[in-house]
Amino acid sequence: MVILGLGLIILGGIAILSAVFVSEPGNGGELLGFTVSTLESFFVGVAAGAAILWGFSILKWGTKRSLAHRRERKELTELNQKLERVEAERRADGDDDTRS
Numbered sequence: 036m037v038i039l040g041l042g043l044i045i046l047g048g049i050a051i052l053s054a055v056f057v058s059e060p061g062n063g064g065e066l067l068g069f070t071v072s073t074l075e076s077f078f079v080g081v082a083a084g085a086a087i088l089w090g091f092s093i094l095k096w097g098t099k100r101s102l103a104h105r106r107e108r109k110e111l112t113e114l115n116q117k118l119e120r121v122e123a124e125r126r127a128d129g130d131d132d133t134r135s
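Residues in the sequence shown are numbered consecutively from 36, following the numbering used here.
These aren't lab readings, by the way, just hints derived from the structure by calculation. Fair warning: there could be bad hints in the mix.
Said to hold, decoys possible - Computed beta-carbon distance windows for the label pairs:
hint, residue 1, residue 2, range
1, Arg120, Arg100, 27 to 33 Å
2, Phe77, Arg100, 31 to 37 Å
3, Glu75, Gly42, 21 to 27 Å
4, Gly80, Arg100, 26 to 32 Å
As the list claims (entries may be wrong) - For lysine to aspartate or glutamate, the following DMTMM-like pairs were computed, each having C-alpha atoms within a straight-line distance of at most 20 Å:
hint, residue 1, residue 2
5, Lys99, Glu110
6, Lys95, Glu113
7, Lys109, Glu119
8, Lys117, Glu107
9, Lys95, Glu107
By construction, the Cβ of each residue, glycine as well, lies at the ideal position given by its N, Cα and C atoms.
Turn these sequences into a full structure, and let the hints steer you where they fit.
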């Protein structure tokens, strides 16, 4: 998800930069090899802005999800280590009781 979010942000940024630097003021211009009017250039900008916002939201969601997954994995590892210690202690105590 993080990669998808970054991809959308990058594509939106490229579209905005190409529209700003390539289009001619007043009568549209050429955008990525296509002739576009001013209105079409505006819609490209709106779509690019929406892609950037969507990319940020996906990036945020993916980051939260991966952090939660890491925390859960760390907690499970700690619990597993505690359980192994307790079982080792029980085995050690059990061995002492059977020898007496």
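Each hint tested on the structure:
{"no.": "1", "hint": "Arg120 <-> Arg100: 27 to 33 Å", "result": "holds, 31 Å"}
{"no.": "2", "hint": "Phe77 <-> Arg100: 31 to 37 Å", "result": "holds, 35 Å"}
{"no.": "3", "hint": "Glu75 <-> Gly42: 21 to 27 Å", "result": "holds, 23 Å"}
{"no.": "4", "hint": "Gly80 <-> Arg100: 26 to 32 Å", "result": "holds, 30 Å"}
{"no.": "5", "hint": "Lys99 <-> Glu110", "result": "holds, 16 Å"}
{"no.": "6", "hint": "Lys95 <-> Glu113", "result": "violated, 27 Å"}
{"no.": "7", "hint": "Lys109 <-> Glu119", "result": "holds, 15 Å"}
{"no.": "8", "hint": "Lys117 <-> Glu107", "result": "holds, 15 Å"}
{"no.": "9", "hint": "Lys95 <-> Glu107", "result": "holds, 18 Å"}
Of the hints listed earlier, the one the structure fails to meet is number 6.
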